[in-house]
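Protein chains: 2
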Amino acid sequence: MSESAVTSKVAIKNDLILKVARGEKVDRPPVWLMRQAGRILPQYRALRAKLSGFKELVETPALAAEVTIQPVDELGVDAAIIFSDILVIPEAMGLTYEMVEKKGPFFPKTIQEKADVDRLQSGEQAAAELSYVYEALKITKKELDGRVPLIGFAGAPWTILSYMLEGQGSKTFSKARKLLYTEPVLAHTLLQKITDTTIAYLKQKIAAGADMIQLFDSWAGILPAQQYSTFALPYIRQICEAIQEVPLTVFAKDAWFALEELGQLDCNTIGLDWHIDPQLARKIVGPKKALQGNLDPCLLYAPMAEIEKESRSMLQSFGDRHIVNLGHGVYPDTPLDGVKCFVNTVQSFTYPAALS
Amino acid sequence: MSESAVTSKVAIKNDLILKVARGEKVDRPPVWLMRQAGRILPQYRALRAKLSGFKELVETPALAAEVTIQPVDELGVDAAIIFSDILVIPEAMGLTYEMVEKKGPFFPKTIQEKADVDRLQSGEQAAAELSYVYEALKITKKELDGRVPLIGFAGAPWTILSYMLEGQGSKTFSKARKLLYTEPVLAHTLLQKITDTTIAYLKQKIAAGADMIQLFDSWAGILPAQQYSTFALPYIRQICEAIQEVPLTVFAKDAWFALEELGQLDCNTIGLDWHIDPQLARKIVGPKKALQGNLDPCLLYAPMAEIEKESRSMLQSFGDRHIVNLGHGVYPDTPLDGVKCFVNTVQSFTYPAALS
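These protein sequences, in sequence, are chains L and X. All letters in the first sequence, in the order written, are residues 16 to 371 by the numbering used here. All letters in the second sequence, in the order written, are residues 16 to 371 by the numbering used here.
By construction, these hints were calculated from the structure, which means they are not laboratory data. Heads up, a few of these hints could be off.
[Said to hold, decoys possible] Chain L stretches covered by chain X per the calculated footprint, using a threshold of three residues with CB under 8 Å from any CB of chain X: (1) 60 to 66; (2) 180 to 190; (3) 290 to 299.
Yeah, the Cβ is synthetic: ideal placement off N, Cα and C, and Gly gets one too.
Same shape as in the complex, but just chain L (with noise of 0.2 Å):
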């Protein structure tokens, strides 16, 4: 704790973002992106050539910091975020994850009964097991020295549930969707296990030196809307008003049927897909909250004068009050120029009444 306080003096030079996030006004918006620290910077994938794999990175705090540098020194964006993944969760509550290549996650063991919800630790005995990703944030906010704010995340409770349940990826996340059904008291102690143990985790984020909380609720949109009310939008709820240290984003990806009550969130920011039309989102949300997105990540892959026209008019759409980032994640073969030429388009932006 006295550690992050004295890290967290360092004053920030660049706090676009989290003046954005708080409502303050800014000249021009802020920009990342969603999976910046990961294979569309060279710099990534020779690191990442000499590792045995994506866990030893995760788990490595001095190149999980280095890695979530890069894109700051090779992109120039506005923010940092640290180089971790939402399913560190579920390890330090009982269930180790692999990361296949090419494949994405895989769970040996999955929740399948009362029992194995019982056995889970959750809470801070479960996050004091994460202190690796504390260690990195360290790192990182020392070696960042106050050049951009530093973003902790989460995965919301949820996607995490779901992981859980189904041991992997899915098309149809039925096995989660399932016990929604057919075990919905299991299904809330699980999800409360899940919340307890992501509170604790942000805040030690938070001691670490986390500048910004994101929490990606990357299967929100496989939920019927009444569903997402229930199981889905109260825990989210539970951890905006514990996480009042900094400023919040939360990212339901495609549930744009929630959106209005996601806009009620005690959260500054809300995170938005690429479907979703920026003006109709600032209607549906309301004017007391930052929009964070929403470029087609594809878009990357067009001409350099078609970026530039769509950044654009993107930016023009939403108006002020916008954290710049695309819809999702990057992916990963996306040309290094596209990146740029999107980053750049947007730095070089300026806001019509600044200039007055």
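Guided by the hints, dock chain X onto chain L, whose structure is given.
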């Protein structure tokens, strides 16, 4: 042609679904399930166990007819849908698919460049490859003997293009989506070839006895709204305009953002996934079309009392001009009792107006 002319002279006894599609009054809504001919039925599993694989079933007309009729016998649904696959179209055009057990479709050869598109056959020439499908329809039609209408189907052009580019399912469909940004002209050429083939194919299906057609745009929901308007809707529109012989349903999964444009198509019915509130859908689509859907397929895992309650609640929410279905294909491990409970609940429902 003469044989189908004979076939179609058998009067259909239960024509509820055709009436609703055409906007005629009925006493209760008709019900069927996407993927009703499949693993949920013990009869299907018994037959399938004797065969070399999925494609043997699709390509053997007498067997395809047998499994098409199984759910009419076992569940008493108000329509049969021909047992087939949307991927017969790419195959007829020149790209063979395999169906890999527990993994789904796989194309050994995919579209990589313009020459690959040029090499594809299309239109009537391609549709002529699919005589086994037309034969299956003729046998089914004969064996159904007018009990219920027979639905024919095809994938919408964007979804078919996705498979031709990706070669398999994908979380992001980024190869297919990349083409739209990097080679829009080539994408349009390919979409037109698929459309021409699909129209010729559907006309042959109708000639062979299909009483109704459904277009499945399974990957509609991955596109940004603007791209859906540019690369998906114009081809669906061509198909709607070309198919005037029988009622047509368009099911664009997860394309909430395109619902207004879908509602303006020259078709009879709009299929809905389980995310959209029926009353909101009716408001957007307007009064001129039937709506089909949209129970969460996972609800059929729930206890019977809950299936009944939620099914009734959905029926009330839709009101009339409703073809009852799930919001997606029924999942293979769904308990047969749950499916029967759903079908029975709908069939014992009566519109309030019918009582007066």
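Do the hints match the structure? See the list:
1. Counting residues of the stretch 60 to 66 of chain L whose beta carbon lies closer than 8 Å to any beta carbon of chain X gives 0, which falls short of the minimum of three for the stated coverage.
2. Under the rule that three or more residues need a Cβ within less than 8 Å of chain X, the assignment of the stretch 180 to 190 of chain L holds, with 4 such residues.
3. Counting residues of the stretch 290 to 299 of chain L whose C-beta sits closer than 8 Å to any C-beta of chain X gives 3, which meets the bar of three, so the coverage hint holds.
When the structure is compared with the earlier hints, a violation turns up for hint 1 alone.
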